[in-house]
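Generate the whole structure from the sequences, applying the supplied hints.
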Amino acid sequence: MSRKIVIDPITRLEGHGKIDIFLNDAGNVERAYFQVPELRGFEKFAEGRPAEDMPQITSRICGVCPTAHHMAATKAVDDLYQVAPPPAAKKIRELVYSTFYVEDHALHFFFLGGPDFVVGPTAPKAERNILGVLGKVGLEIGKEVIGLRKELRDLISLAGGKVIHPVFGLPGGVSRALTEEDRQQFVAGAAHAVRFARFSLGIFNDVVLKNPKYVEWILSDTYTHKTYYMGLVDRNNRVNFYDGDLRVVGPDGREFVKFPARDYLQHVAEHVEPWSYIKFCYLKDVGWNGFNEGADSGVYGVAPLARLNAADGMATPEAQAAYEQFYQTLGGRPVHHTLANHWARLIELLHAAERMQELANDPEVASPEVRTIPRETPREGIGVVEAPRGTLFHHYQTDERGVITKANLIVATQNNAARIAMSVDKAARGLIHNGQVDDGILNLIEMAFRAYDPCHGCATHALPGQMPLLVSIYDPEHRLLRTVRRD
Amino acid sequence: MKTLVLGLGNELLADDAVGILAARSLRRTRPTGVDVVETSVSGLALLDFFLGYERAIVIDAIQSGKHPPGTILEFGPSELRHVVAPSPHYTGLPELVTVADQLALDFPRQIRIFAVEVADSSTLGGELSAPVRAALPELIRRVSAQIRARQPPACPSRFATLP
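First to last, the protein sequences are chains A and Z. Every letter in the first sequence is one number past the one before it in our numbering, and letter 426, counting from 1, is 426. Every letter in the second sequence is one number past the one before it in our numbering, and letter 109, counting from 1, is 109.
You may find that some hints are simply not true.
[Stated by the list, open to error] Label pairs and their computed distance ranges (CB to CB):
#1 A:Asp154 to Z:Asp101: 22 to 32 Å
#2 Z:Arg30 to A:Asp154: 43 to 53 Å
#3 A:Pro476 to Z:Glu54: 56 to 66 Å
#4 Z:Arg133 to A:Gly290: 41 to 51 Å
#5 A:Tyr474 to Z:Gly65: 17 to 27 Å
#6 Z:Leu73 to A:Glu358: 42 to 52 Å
#7 Z:Ala145 to A:Pro87: 35 to 45 Å
#8 Z:Glu74 to A:Thr483: 27 to 37 Å
It should be emphasised that the hints constitute simulated quantities derived from the structure, not laboratory data. Please read all numbers here as calculations on a predicted model, not as lab measurements. Beta carbons: idealized from backbone N, C-alpha and C, even for Gly.
Structure representation (structure tokens):
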């Protein structure tokens, strides 16, 4: 039966995500579609601008992870000018990036994941928010989260100027060296971050892992897909957010391919669907084989769970112990359960905090040598980082003056798009039966994509925890049965 | 009174820049006792910006479709829920106020929001549309007046106590 599905354009300012659920005659799900509004046209916008402006400009396209865009762009201009930053500059960048990770992951867990897990997936809607989380973990914890985030943001400002639009990375280094006094502030902030990360994992342990019902959700087939996974790894195949090679593991957990950022176009391709603006990334070496799991489908995942799956371990000791517990509890590597992203995110929070501590305690970060002056003629530059929400590519081609002639960005949500679409479809199929749809079920479907923490279009500004969403349910004749809008 | 003027929006996206541009212009006037800040973040992440201020004035774009572009709307945080299709920049603002209240944070007790109805807020690299551009001076004037409105008089007692 041929069917025409019209997806209404979603205005960027409204920034609504959209789920369309089509029921069959039996009242079960025929197919569910998840759409995110996407920022389009950035590549065109970049053309004709100096590449060295990209770290500032690209950090403005996203109010959620400006630091990730800033860092990917900075690495792309390093590559463009073929210049390696001095060791101190590299360490300062990673220190700032780790600080950003702690801040971002902490916000996500308590404000966005928290309502699903700390409060509970089937708790009344009125309680599934940050206030419900605070009610459960205590107001002091809320103050602690807010206090820590402020401290970390102040540290980022100290090193890099404005937090939201860092004026920090330059081709070949950073704009300013850290003083010994600055370094001491980072040491203090890092100690605080490590304590907080341990505490957060403790909460996860007590509230989630000790609750058999929650563990059952995590392990349920409804939230499971056996796909490929991608993530940056260091030379020992340990998780790294700032630098390294991209490693892809198969659904069996074995290394499928490992490649430097420079070769990404040989391995990543984009598939277009008529019902979505977003381009769905897939592995070129496997090919696009529809929204399917398994070794024959090029669909892959990015973000916390994928990063842990793609690596052989964490680079810091306490996070490594947490990593081992994670795989022991969930049945070995890889873990295919989407909701395990929340746990993986907290392990990464600890990793980022420990890494922050290692770097802050390294006297070299206070070295004045923070810049290598570029001398080569620019042509092409590719930079990659792990944004909190997944792998982020920036790719620029320029003329000999460094003016951009072509730009290509692949953001985290694009890498994850196919897997997210599959997750929403599978959750809808697994949870809706005989036309029964209530608020609790819709929340359980939303949980399938919230675990990924998708940025619904860079620059929508809509904040984690507040993703406005429009859910529409249609009968077999495609008549609209019900619309639920969440602002 | 320690006052924050917060311009929200994205200056790369046509009319969405209006809050940012107004804030930038106000900063040049160097109002005393006032911090003027521009940002593109929203909701709970905005909390950091508000902490430590007694009063806040928020400037933003809005696309309700109910007013001609360039219309300047003014409201308090409690009225936000009644504004149809608000900008996502402050989807979290009422919640933010509640969180701050519950946690007894040092949060502004007075919040005033100025929002300009926009025509185009999605064209990357776009200019302000004509009606929004035309509204900018009036917006700045009204925010300036609001800044001055609750400002205590400039040290009148100093003269009074002179011998």
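Verification of the supplied hints:
no.	hint	in the structure
1	A:Asp154 to Z:Asp101: 22 to 32 Å	holds (24 Å)
2	Z:Arg30 to A:Asp154: 43 to 53 Å	violated (24 Å)
3	A:Pro476 to Z:Glu54: 56 to 66 Å	holds (58 Å)
4	Z:Arg133 to A:Gly290: 41 to 51 Å	holds (48 Å)
5	A:Tyr474 to Z:Gly65: 17 to 27 Å	holds (25 Å)
6	Z:Leu73 to A:Glu358: 42 to 52 Å	holds (50 Å)
7	Z:Ala145 to A:Pro87: 35 to 45 Å	violated (54 Å)
8	Z:Glu74 to A:Thr483: 27 to 37 Å	holds (31 Å)
Hint compliance for this structure: hints 2 and 7 are broken, all remaining hints hold.
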